[in-house]
Amino acid sequence: MLAGAVRAIPLPVLAAGLVLALVPLWVNGYPLRLLTLMFQWAAMAGAWNLVAGYAGALDLGPTAPYGVGAFTVAILMTRLGWPFLPSLLAAALVAALVAYIVGKPTFRLRGPYFAVGTLALAEALKEFLLSFDRFAGVRLFGGSAGISLPLAPGAEFFYYVLLAIMSVVVAASYALERSKFGYGLKALRDSEAAAAAAGVPVAALKRRVYMLSSSFLALVGGTAAYWIGYINGADSLAATLILQTIAMAVIGGLGTPLGPVVGAAVLVGVQDWLGATFVYDYLLLLGLFITLAALFFPQGVVGLLQAAYGRVRSGAASGRRGWDGRGAA
Amino acid sequence: MDGWVLLQAIVNGLMLGGVYAAAGVGLSLMFGVMGIINVAHGEFIMLGAFATYWLAVSYGVDPFLGLVVSFGLMFGLGYVLQRLVLYRVVGTPETVPLLATFGLGIVMSSIALRLWSADYRVLDVDYLLGAYIAGFLIVPLNRLAAALGAWLLVLLLYLLLEKTELGRAIRATAQDAETASLFGINPGVIYALTFGLAAGISGAAGSLVLLFDVINPYMGLLYTLFAFATVVIGGTGYIPGVFWGGIALGVVQSLTETYLEAGLSLFMAFLALYLVLVFRPAGLLGRGRLG
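Those protein sequences? They're chains Y and F, same order as listed. With the numbering used here, letter number 174 in the first sequence gets 174, and the count goes up by one each step, no holes. With the numbering used here, letter number 34 in the second sequence gets 34, and the count goes up by one each step, no holes.
The set of hints was computed from the structure by calculation and includes no laboratory data. Where is the CB? At the ideal position from N, CA and C, for every residue including glycine. Where hints are given, some of them may not hold.
What the hints assert, rightly or not - Residues from chain F shown here face chain Y by an in silico Cβ test under 8 Å; the list is partial:
hint: 1; residue: Ile-37
hint: 2; residue: Val-90
hint: 3; residue: Glu-94
hint: 4; residue: Thr-95
hint: 5; residue: Leu-113
hint: 6; residue: Arg-114
hint: 7; residue: Asn-186
hint: 8; residue: Leu-264
hint: 9; residue: Leu-277
Said to hold, decoys possible - To give a feel for the contact side, a few chain Y residues facing chain F, derived at Cβ under 7 Å:
hint: 10; residue: Gly-111
hint: 11; residue: Ala-115
hint: 12; residue: Ala-120
hint: 13; residue: Glu-123
hint: 14; residue: Phe-128
hint: 15; residue: Ser-131
hint: 16; residue: Gly-137
hint: 17; residue: Leu-140
hint: 18; residue: Val-168
Could you put together the complete structure from these sequences and hints?
Put into C-alpha cells, the structure is as follows:
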C-alpha cells in the first residue's frame with residue numbers, strides 16, 4: 001500500500017514535497033508559521049475531501065473527528081502524562097473507532113440527510129463536551145473553560161509534523177485514484193445504485209473511507225491542539241472550522257488530490273492578506289466563493305487548470321468530469 | 001408539587017414547539033416543492049428577527065406589525081434570490097444546492113455581523129411582560145403569544161396551499177413541474193414564489209423568536225438545525241408534520257432542562273434529530289416523503 005501510494009504520486013509533486021522538507025533551513029519566523037498553517041488546512045481539507053470528493057457524501061461535521069483528536073491528545077497528555085506522538089497516534093485510533101461505530105447508521109442517510117445528520121452529530125458532540133463535566137460532576141473535558149496543554153516545542157516541530165500529515169493525506173488521495181478501493185468510491189459517487197448492482201460493496205467502502213478520513217482529521221485536530229496549547233469544545237468544534245475546510249476543498253477542486261492543497265494555499269493567503277481587521281470580509285468572501293464555485297465551477301481551480309491543460313495538449317476539451325458528474329468547463 | 005414541575009416542563013415545551021413549527025415549515029415547503037434543502041434557512045429567521053427588532057427600537061413599531069414587514073422583506077429576498085441565483089440549482093445533483101445555500105448563509109450572517117456586531121439583543125414588549133398563573137403553573141404572555149402566532153402562521157400557510165389557486169399551482173408543480181407547465185403554470189415563477197413564501201414565513205418566525213429570546217447574527221445555524229429537526233421528526237415534505245415535530249422537539253428540550261441539565265438541551269435536540277434521521281427517516285408519524 002505504502003509503496004503503491006508513493007508510486008501513484010507524480011514526480012513534480014514528490015519533488016515539491018522534498019523541497020518543502022528543506023524549507024526550514026532558509027525560512028523561519030512568520031513565513032514558516034504561515035506555511036505550517038497552510039499544511040494544517042490542506043491536511044484538514046484533504047481529509048474531508050476523501051469523503052466528500054471521492055465518495056460524494058457531503059459531510060458537514062468534519063469538526064467531530066477533529067475535536068475527538070484534539071480532546072484525546074489533550075487528555076492523554078495532561079492526565080496520563082503521555083508524550084505527544086503516542087497521544088497523537090492514539091487519537092487517530094480513537095477517531096477511527098468512533099467512525100467505525102457511528103459510520104454504519106450515518107451512512108444509511110443519503111444526500112441532504114447525510115449532510116444535516118453529520119452536522120447534527122458535530123453540534124451534539126460540541127454541546128456534550130461543553131456540558132458533560134457540569135452534568136456528571138467530574139473534570140474531564142473542562143467545560144467551557146477547556147484544557148491547557150503542556151508547553152509545546154518550537155515552530156519547526158509543527159512545521160514537520162503538519163507537513164508529514166499533509167503528505168500522508170495527499171499520498172492517500174493519489175493512492176485512491178489508482179486503487180480498486182478508489183474506483184469503487186468513484187463508482188458509488190456517480191451512481192450508488194449502479195455501483196451496488198455491479199458488485200461494489202457500497203456500505204463497506206463508505207465506512208472505510210469515513211474511518212480513514214476521520215483518523216486524518218483527528219491527527220490534524222490533535223496537532224492543532226498541541227500547537228495552540230489550549231482547547232475547548234466551542235473552539236475545537238466551531239462552525240468556522242467547518243466552513244473553511246469545505247471552502248478550501250471546493251475552491252481548490254473536490255475529488256482531486258491537490259485541490260485541497262491549492263484551496264488551502266489560496267485561502268490562508270487571502271486570510272493573511274485581509275488580516276485580522278477584516279475578519280468579517282473574509283467570512284463573507286468564503287461564503288461568496290463557496291456559492292459561486294458550486295454554481296459556476298464545481299470542478300474547482302485544479303479542475304479548471306486541468307481542463308485548460310487538456311485543451312492545450314489535445315487541442316480539444318478533454319477535461320475530466322467534475323465531482324458533480326458534469327463535464328469540466 | 002412534582003406533578004406541577006412536570007406540567008410546567010411540558011407546557012414550556014409546547015410553547016417552544018409552536019415556534020419551532022413556524023421555524024421549520026418553510027424548510028419543509030422548499031423540500032416538498034423543489035426537493036432542495038436550504039442550508040441558509042436559519043439566516044432568514046435571523047434577518048426577520050433583526051428587521052422586527054430595528055423597527056421596534058428605532059421607530060417604535062409594534063412587533064406584530066414588524067412581523068408583517070419581516071414577512072414582506074424576506075419574501076422579497078427569497079423571491080429575488082431564487083430568480084437570480086437558485087434557479088440554477090433545481091434539478092442539479094444534490095451537492096450543488098447544499099453548497100450554494102451553505103455559502104449564501106455565510107454571506108448573509110457575515111453581512112449581519114458586519115452591520116450589527118455580535119451583540120446579543122433583547123426586545124421587551126411591555127404589554128407581554130406579564131404571565132398567566134394557575135396554581136404553580138406559570139405561562140409567560142410573551143411565550144404564549146409567540147406560540148399562538150406561530151401556529152397561526154403554519155395554519156395560514158396550510159390553508160394557502162390547500163384552498164387557493166396559488167396553492168394548487170404550487171402543489172401541481174411539486175408533483176410534476178413539466179406537466180404543470182402544460183397547464184399554463186410557469187414553474188420558474190412558482191419556484192420563486194415558493195422560496196419567497198418559505199423565506200417570508202421564516203422571517204416572521206424570527207419576529208416571534210424575538211418576543212421571548214435573545215437574538216444575534218449567529219443564531220441562523222442553530223435555527224437551521226432546529227428547523228431541520230422539526231421537519232425530520234414530523235416527516236419531511238409533510239407540512240402538518242411540523243406541528244408535531246416542533247412539539248416533540250420542544251418537549252424533549254424542556255424536559256432535559258428541567259430534569260437533567262440546561263446545557264444538555266441542545267445536545268438532546270441534535271441527538272434526537274440524528275436518531276430520528278437514522279432510525280425513523282419518515283418521521284415519528286411515518287407520513288414523510290422518505291420511508
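Comparing the hints with the structure gives:
A distance limit of 8 Å between C-beta atoms decides the matter here; for Ile-37 (chain F) the minimum to chain Y is near 4 Å, and the interface restraint holds. Violation of the interface hint for Val-90 (chain F) is found here, the shortest Cβ-Cβ separation to chain Y being roughly 12 Å, above the 8 Å cut-off. Here the hint on Glu-94 (chain F) is kept, as its CB sits about 4 Å from the closest CB of chain Y, short of 8 Å. The interface hint given for Thr-95 (chain F) holds, since its Cβ lies 5 Å from the closest Cβ of chain Y, which is under the 8 Å cut-off.
Restraint check, Leu-113 (chain F) versus chain Y: the minimum CB separation of about 5 Å is within 8 Å; hint holds. Given hint, Arg-114 (chain F) at the interface with chain Y, holds; its Cβ is 5 Å from that chain's nearest Cβ, closer than 8 Å. Annotation: Asn-186 (chain F) was flagged as interfacial toward chain Y, and the flag is violated, the nearest CB pair being 22 Å apart, outside 8 Å. The interface hint given for Leu-264 (chain F) holds, since its Cβ lies 5 Å from the closest Cβ of chain Y, which is under the 8 Å cut-off.
For Leu-277 (chain F), the interface hint holds, the least distance from its beta-carbon to any beta-carbon of chain Y being 5 Å, beneath 8 Å. For Gly-111 (chain Y), the interface hint holds, since its Cβ comes within 7 Å of a Cβ in chain F; the closest pair sits about 4 Å apart. Because the closest C-beta pair between Ala-115 (chain Y) and chain F is about 5 Å apart, less than 7 Å, the hint holds. Checking Ala-120 (chain Y) against chain F by beta carbon gives a least distance of about 4 Å; that is within 7 Å, so the hint holds.
Given hint, Glu-123 (chain Y) at the interface with chain F, holds; its Cβ is 5 Å from that chain's nearest Cβ, closer than 7 Å. At about 5 Å, the closest approach between the beta carbon of Phe-128 (chain Y) and any beta carbon in chain F falls short of 7 Å, and the interface hint on this residue holds. Here the hint on Ser-131 (chain Y) is kept, as its CB sits about 3 Å from the closest CB of chain F, short of 7 Å. Below 7 Å, beta-carbon pairs count as interface contacts, and Gly-137 (chain Y) has none with chain F, the closest being about 10 Å; its hint is therefore violated.
Because the beta carbon of Leu-140 (chain Y) sits about 14 Å from the nearest beta carbon in chain F, more than 7 Å, this interface hint is broken. This hint is violated: Val-168 (chain Y) has a C-beta 26 Å from the nearest C-beta of chain F, more than the 7 Å allowed.
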